[in-house]
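Undergrad: Protein chains in written order, with my numbering: chain A, 190 to 315; chain B, 584 to 765.
Be careful, since some hints might not be right.
Said to hold, decoys possible - Here are the simulated DMTMM-like cross-link-like pairs (lysine to aspartate or glutamate), alpha carbons at most 25 Å apart as the crow flies:
(1) Lys733/B to Glu301/A
(2) Lys194/A to Glu759/B
(3) Lys733/B to Asp721/B
(4) Lys194/A to Asp633/B
(5) Lys199/A to Glu760/B
(6) Lys733/B to Glu282/A
(7) Lys745/B to Glu196/A
(8) Lys200/A to Asp613/B
(9) Lys202/A to Asp613/B
(10) Lys200/A to Glu731/B
(11) Lys733/B to Glu203/A
(12) Lys646/B to Glu282/A
(13) Lys200/A to Asp633/B
(14) Lys663/B to Asp738/B
(15) Lys734/B to Glu203/A
(16) Lys199/A to Asp613/B
(17) Lys312/A to Asp613/B
(18) Lys745/B to Asp277/A
(19) Lys734/B to Asp197/A
(20) Lys745/B to Glu731/B
(21) Lys734/B to Asp275/A
Said to hold, decoys possible - Label pairs and their in silico Cβ distance ranges:
(22) Asp251/A to Ser724/B: 14 to 24 Å
(23) Asp197/A to Pro641/B: 21 to 31 Å
(24) Gly207/A to Arg637/B: 49 to 59 Å
Stated by the list, open to error - So these bits of chain B aren't anywhere near chain A, every CB distance computed over 10 Å:
(25) Glu596
(26) Arg620
(27) Thr624
(28) Arg649
(29) Asp742
(30) Pro744
(31) Ile747
(32) Asn753
Because the hints were derived from the structure by calculation, they are not lab data.
None of the values given here were measured: they were computed from a predicted structure.
For glycine and all other residues, C-beta sits at the position ideal for the given N, C-alpha and C.
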Amino acid sequence: MAKLKIEDLKKIKERVQGETALRAGTRRVKVTVHMGTCGIAAGAREVMDSLMNEIEESGVTDVVVATSGCMSLCSREPEVTIEILDQDPIVYEFMDQNKMRQVFKRHVLEGEIQTPFVLARAKRQN
Amino acid sequence: MLELSMNILDITENSTRAGASLIRISVTEDRRDDILRIEITDDGEGMEPDIIKRALDPFYTSKKVRRVGLGLPLLSHAAKITDGRFTIESGKGTGTTVIADFKHSHIDRQPLGDMPGTMATMIAGNPRVDFVYTHLSDGRSYTLDTREVKKELEDVPIDHPKVIQFIKENIRNGLEEIGAGR
């Protein structure tokens with residue numbers, strides 16, 4: 190029976206604990222991939238996959254990912270919402286792996302909204 | 584849906600929305616009896632009998648934002664076109680179990696697809712929910728239990744990118760080892 194390699198997990202834990210001590214546990218950006226039936230059928234999982242790869246490769250620790258359900262704009266899936274602290278959330282439409290990479294690099298990391306892919310600007314809730 | 588794993592991802596979203604804290608996903612491949620079984624069990628709020636009956640109606644949904652609910656009908660259809668079966672059991676307060684049986688060799692059976700990516704998405708999107716993923720392939724088995732992972736990680740969050748990457752890698756190797764998805 191294939192098992193978890195506890196040793197590897199321990200190594201990850203030690204490394205992550207080291208870097209967690211450096212930051213103060215701030216979550217600057219929340220990226221939500223809409224994961225309803227419509228989103229999944231349109232490729233949301235692949236979008237999430239490329240998002241997680243980008244986060245891992247860039248090494249940032251202040252970006253958190255989330256999934257959510259359908260918000261009744263099924264024909265524009267896959268949709269991704271970017272919420273940067275103290276800014277209005279931006280909803281992107283018709284996302285794919287390449288667009289996700291671009292949005293991550295330009296918007297999440299550099300703060301530059303990728304207007305051609307934007308579906309809507311939402312109202313901040315705070 | 585192009586892959587059965589996408590259906591699995593979709594159905595588990597129902598479970599998390601029903602407030603489940605533990606979701607068991609089991610995939611059984613028995614090539615001798617020519618069966619592929621997907622079983623998803625949660626400890627969410629469950630459904631009343633009259634709701635269960637309507638759950639397979641594409642024009643029924645518990646959500647308010649739109650008037651269709653295609654998740655369960657799609658999985659049921661995917662099973663039935665392979666001469667398979669689909670059952671759903673649920674009780675208010677006792678959680679829900681969904682079982683889809685497929686004829687493994689049927690030409691219309693969709694491929695299982697990217698299970699590592701599916702589990703990674705599920706775990707990263709719902710770090711507070713626990714998942715037990717068991718995959719049996721002709722008697723050989725692979726298991727991932729996020730409760731075990733969390734115990735080992737202590738204060739490190741399970742949705743940390745490095746941990747998610749590790750889990751994905753672990754599933755990929757584990758499934759390869761037992762000859763899953765062939």
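Undergrad: A separate judgement is required for each hint: does it hold in the structure or not?
TA: Now for the hints, and whether the structure bears them out:
no. : hint                             : in the structure
1   : Lys733/B to Glu301/A             : 36 Å, violated
2   : Lys194/A to Glu759/B             : 15 Å, holds
3   : Lys733/B to Asp721/B             : 29 Å, violated
4   : Lys194/A to Asp633/B             : 45 Å, violated
5   : Lys199/A to Glu760/B             : 22 Å, holds
6   : Lys733/B to Glu282/A             : 34 Å, violated
7   : Lys745/B to Glu196/A             : 14 Å, holds
8   : Lys200/A to Asp613/B             : 36 Å, violated
9   : Lys202/A to Asp613/B             : 37 Å, violated
10  : Lys200/A to Glu731/B             : 16 Å, holds
11  : Lys733/B to Glu203/A             : 14 Å, holds
12  : Lys646/B to Glu282/A             : 21 Å, holds
13  : Lys200/A to Asp633/B             : 50 Å, violated
14  : Lys663/B to Asp738/B             : 45 Å, violated
15  : Lys734/B to Glu203/A             : 14 Å, holds
16  : Lys199/A to Asp613/B             : 35 Å, violated
17  : Lys312/A to Asp613/B             : 51 Å, violated
18  : Lys745/B to Asp277/A             : 29 Å, violated
19  : Lys734/B to Asp197/A             : 14 Å, holds
20  : Lys745/B to Glu731/B             : 17 Å, holds
21  : Lys734/B to Asp275/A             : 35 Å, violated
22  : Asp251/A to Ser724/B: 14 to 24 Å : 38 Å, violated
23  : Asp197/A to Pro641/B: 21 to 31 Å : 44 Å, violated
24  : Gly207/A to Arg637/B: 49 to 59 Å : 52 Å, holds
25  : Glu596                           : 6 Å, violated
26  : Arg620                           : 19 Å, holds
27  : Thr624                           : 20 Å, holds
28  : Arg649                           : 4 Å, violated
29  : Asp742                           : 7 Å, violated
30  : Pro744                           : 4 Å, violated
31  : Ile747                           : 6 Å, violated
32  : Asn753                           : 6 Å, violated
The structure shown violates the earlier hints numbered 1, 3, 4, 6, 8, 9, 13, 14, 16, 17, 18, 21, 22, 23, 25, 28, 29, 30, 31, 32.
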